[in-house]
Amino acid sequence: MVPNRTFFFFILPSALAMLIFIAIPIVSVAIQSLYVEHEKVLIAVQSCTPFGCTESVGVDDSATAKLRQEQPLGKFNGLGTYADRAHLAVAEVSDILGHNAGFWDAATRIYKLPFYRALVFTLAYALLVTPLAMALGFAIALAVNTVSPLLKGAVIFFSLLPMIVTPLIGSLMVYWMINADGVIGASLQALFNDPNLYLKASAPLTWIVLFAYGVWTNAPFSFIVFYAGLQTVPRDTLESSMVDGANRFERVRFVILPHLAPLATFVALVQLMDNFRVFEPIVGFNSQAHATSLSYSVFSDLNGQFSQLFGSAAATSMLTILGVLILLAPILLRTYREFSNKAAA
Amino acid sequence: MAAIRLDKVTKRWRNFVAVERLSLDIADREFLVLLGPSGCGKTTTMRMIAGLEAVTEGEVWLGDRVVNDLEPKDRDISMVFQSYGLYPNMTVYENIRFPLRVRKVPRELHHEKVMDAARMVELTDLLERRPAQLSGGQRQRVALGRAIVRRPAAFLMDEPLSNLDAKLRVSTRAQIKHLQHTLHITTVYVTHDQIEAMTLADRVVVMNRGLIQQVGTPTDIYDRPANTFVASFIGSPAMNLIDGDIEDGVFRAENIRISGLSRNANGPVTLGFRAEDASIVDAGGEISSEIYSMELLGESTMANFRAGAALVSIKSNKDYRAQIGDVVHAKVPASLCHLFERSTGERIAARDAATP
Amino acid sequence: MTAAESDLPGRRPAALIFATNAFVVLWLVAAAFPFLWTLWGSFKVEGDFFSRQSFFDAIFGAKTYLQTGSHFTLDGYYGAWVVNRLWRASLNTVVVTFCVTVISLTFGTLGGYALARSGRRYAFWLLMAALVFRAMPHITLVSGYLLPFFELNVWGVLPTAIIVLVAINQPFTLWMLHSFFLSIPKDLDESALIDGCTRFQAFRLVVVPVMWPGVVTTGLFSFLLGYNDFAVTSMLLSQDNQTMVPKLASFLGSIEETGKVMYAVAAVVSATAPIFAIVVVFQRQIVSGLTAGAVKG
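Chains as they are written, first to last, in this note's numbering: chain A, 1 to 345; chain B, 1001 to 1356; chain C, 2001 to 2297.
If you are wondering where the hints come from, they were derived from the structure by calculation, not from laboratory data. One should not assume that every hint holds.
The list that follows gives simulated cross-link-like pairs (lysine to aspartate or glutamate, EDC-like), each with its CA atoms no further than 16 Å apart [to be verified]:
no.: 1; chain 1: B; residue 1: Lys1177; chain 2: B; residue 2: Glu1122
no.: 2; chain 1: B; residue 1: Lys1104; chain 2: B; residue 2: Asp1076
no.: 3; chain 1: B; residue 1: Lys1073; chain 2: A; residue 2: Glu250
no.: 4; chain 1: B; residue 1: Lys1073; chain 2: A; residue 2: Asp236
no.: 5; chain 1: B; residue 1: Lys1331; chain 2: B; residue 2: Asp1248
no.: 6; chain 1: B; residue 1: Lys1104; chain 2: A; residue 2: Asp236
no.: 7; chain 1: B; residue 1: Lys1318; chain 2: B; residue 2: Glu1299
Interface residues of chain A toward chain B, partial, derived using beta-carbon atoms under 7 Å [to be verified]:
no.: 8; residue: Ala228
no.: 9; residue: Thr232
no.: 10; residue: Asp236
no.: 11; residue: Glu239
no.: 12; residue: Ser240
no.: 13; residue: Met242
no.: 14; residue: Val243
no.: 15; residue: Asp244
no.: 16; residue: Gly245
All values reported here derive from a predicted model rather than from experimental measurement. Glycine residues also receive a C-beta, built at the ideal position from the N, C-alpha and C atoms.
When you get a sec, could you build the whole thing from the sequences and use the hints?
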């Protein structure tokens, strides 16, 4: 047992860093989400000519600057930002739900709202890519397990590349191959004899390509972890099943899969978390017109053409964090329960 | 129910020969024990019978067919592993049922067969538990239950009792013997524990370094070991083996002189006798030496002293006491001695042909 | 699946062997091809790399030959490194990744050691908190920094980005190091303590030297996290101070003109080369790092 004081000093640098740069920013973002930028202060300006005076409305720069300086956070908006059109769009959604021509009509109209578009894609990406990548990784692990030991080193090396490469760079490489001018894009056009077949044209195609990219980059992690797990399958249990009469598939189903289940839970958790934050592929594929993610929405708000929309970015961020916590909740609850049982026992 | 035959079976890995030209006939319903130290090839031999190792040379027969190329699941055998090999995510009931399930035995028959097996291994109360919730002995019984549920042609057991504590080992040993007797199934049992071999086997095959040293009933092996290896492996304590010279029927070594032995042997030999065959006498006798150490075992006393270059044990009754350094005399009847070639360790007739 | 099984003759049907080998080969091609293609194409001109007529152009460089007189050209690289000053970005990258790795490891080994040896309840909850922190989107955290950094006038400089990267990656570093420390038997520390060391001395003189492989592995991942980062570096660094990845992204903006695309392609290959080298040299450590977390976590 380490005495509390010693523990405190050991953990201090790390904990301080996390507190200042993770915990506090989240609080700050939460607060930011309750404000919007000050609108420019307008002032009525009278301009008089010998023919008469006219009134017009103009921007009072000095007053605007002064307001911005005094209240840098902006104007308090409460939950207004959350409810506005760029986010939960409460008014628009209730309108659609009230007046619609059936499920698909309502769904398509809700999808047009920017936040929901990002949410749907992000959820689809996280919930599709994670299991597909795990399945592919498992299949590769099973296959590589039977490959000659001489080749294994090379196989693992090439398999690691899609995962280790910078996400932005990886997505750029794939994008250049897949878009209309690239080797795969041009070949597909020739194959299907359709000069209009390209990414920019089609949302479904963009989604499919992004999902494929996601699986490509996520599968190696599952592969490596499952491959290591396969080496620890208890030999006696496996041989028992051989003697008992199980064929190859039954062995995988009754011995190998149950053995790998805890690893699969770990991998699923980590990948679900990471995939929900999908960001770089949207940049690399330049796909925001057809497929955008929650993180990308935050990014584009912060890089806005005319002004940085902190409030809006903050609101989207908080909603994203809420989504992540919902995803994590079952695992955390289960861990808490296990821990209390262990402590009580 | 089948006889098993091994015909010049060899197992080689690159340059290492694990089992060398082993030939063995195992009768139907026999309980055969493969006995030997670690690395002697006994487990490899059994795994070749099971089909978990490929046979480098030779043939393995199960019943009337050669099974070298058959997968384990096609050989109609079942196996009990040293660490049980249970399926951790299944209940005891499902573990026992598993062989029936994967061999597509009709569903209606499953329950009856499982309950039958469970009753024979006394697990009927624990059927809903998982292996992690069971003790070592209980897990062992699940493995046994799973092995018997199918009534295969042969049982193979790989040191099934090694992971149990001493007391449990004794009771489980008895259960295994009883089971085999009830079910009349040919059993091949691998162990390094000679007590298990002696108590369970119909016949024992003693192995060392991939070669059979001796095949025989426990009594044969005990009373007439074929070489020094078998002689020293069987029996507790091990047989006393003394290097010396024999001439004209008289064996001589430091502190020991035995006459009345076979005149067929001459020159350097190794003489063996068991601790319980010799006795301490007040005077005379074949051995005269100083006590090296005494072991009070409760039911007897072991006196150890030097004879030849070896440390010799003699069993005495439990009241016998002496000090380290005391000179003692021991009687070793020639009729109970064994003679072995010094160079090869092979048995020589201990007495003239007339006397058995 | 095991050596024993592959030992047995006729156990694996030929069709299955063929299918699994074909599958592995297919995967290898899928994994490696984009890299090899981009590498090869970076030495061509845009007309070849993005040729609509025939992808053989990209392989043999027909237009490259026409434009430059040789089948290979370094124009893309020149454009990236010299014209767009990628050399500066790469220097920034070196500084940032080195500092991030060293500082991360320092903080992380101290914290990971304490968490592994503590045995108290709060250590467990700290690890859970770190897990939640790890799940936070980086872009969200960045948006929380921007205003304060502007106010404090620390926006745009390397040290800011460095300390942010260290902090954001602490959760991951702590988890990985803590699981490595758990695999070192407590007896080692306890002997040191009995011999008269303070906890810190035991840590520094006895445990860390034994832990060295774990430190190397975690250092690798810290390096990769710093090198690969985009969200933090693109938002917190000024133009001149950008590291390679955000610099690359800024090329993309000006890519519309012909000829400039190849600058980006060359930059991409340049940025990938160190990664390639790292995987070659440290393959075993990377694999051990990935599995250590999984097996113990």
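Hint-by-hint comparison with the structure:
1. B:Lys1177 x B:Glu1122: The hint holds at about 15 Å.
2. B:Lys1104 x B:Asp1076: holds, 14 Å
3. B:Lys1073 x A:Glu250: holds, 12 Å
4. B:Lys1073 x A:Asp236: holds, 15 Å
5. B:Lys1331 x B:Asp1248: violated, 20 Å
6. B:Lys1104 x A:Asp236: violated, 23 Å
7. B:Lys1318 x B:Glu1299: holds, 6 Å
8. Ala228: Check failed: Cβ of Ala228 of chain A comes no nearer than 19 Å to chain B, outside 7 Å.
9. Thr232: violated, 13 Å
10. Asp236: holds, 4 Å
11. Glu239: Because about 6 Å separates Glu239 of chain A from the closest Cβ in chain B, which is inside the 7 Å limit, the hint holds.
12. Ser240: holds, 4 Å
13. Met242: holds, 5 Å
14. Val243: holds, 5 Å
15. Asp244: holds, 4 Å
16. Gly245: Hint holds; Gly245 of chain A Cβ to chain B Cβ min 4 Å, cut 7 Å.
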